[in-house]
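Please work from the sequences and hints to get the whole structure.
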Amino acid sequence: YVFFMYSLYILYIFFIYSLYILYIFFIYSLYILYVFFMYSLYILYIFFIYSLYILYIFLYILLYSFIFFYILLYSFIFFYILLYSFILSKDCIGIN
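Yeah, the sequence shown ends on 98 if you go by the working numbering, and it's all consecutive.
To be clear, the hints were calculated from the coordinates, so they are not data collected in a lab. Each statement offered as a hint is correct.
Derived Cβ-Cβ restraints for the label pairs, each shown as a range:
1. Ser77 x Tyr55: 31 to 41 angstroms
2. Ser42 x Tyr76: 44 to 54 angstroms
3. Leu32 x Tyr66: 47 to 57 angstroms
4. Leu65 x Tyr25: 54 to 64 angstroms
Here a beta-carbon is modelled for each residue, glycine too, at the ideal position from N, C-alpha and C.
So this is what it looks like as structure tokens:
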């Protein structure tokens, strides 16, 4: 009877400790998965935000370069018209 009780007690202790170890393992695995998932989401978020920021800067530079070339084109047209009108005015006056 005493041996039977001790064996039951040992089995009970073994069962409780195995459940405790499984519980600890499960909790730590969930925690590790949570940390990994959160850090991966954070890294993806940072990458996405910085890529959008770089794209925004690139489009901003492209827009300003188009505006600059537009102004340059119109200034060339304006100077061409001025030069042409100057040549025509000299021809109309009769100066060679």
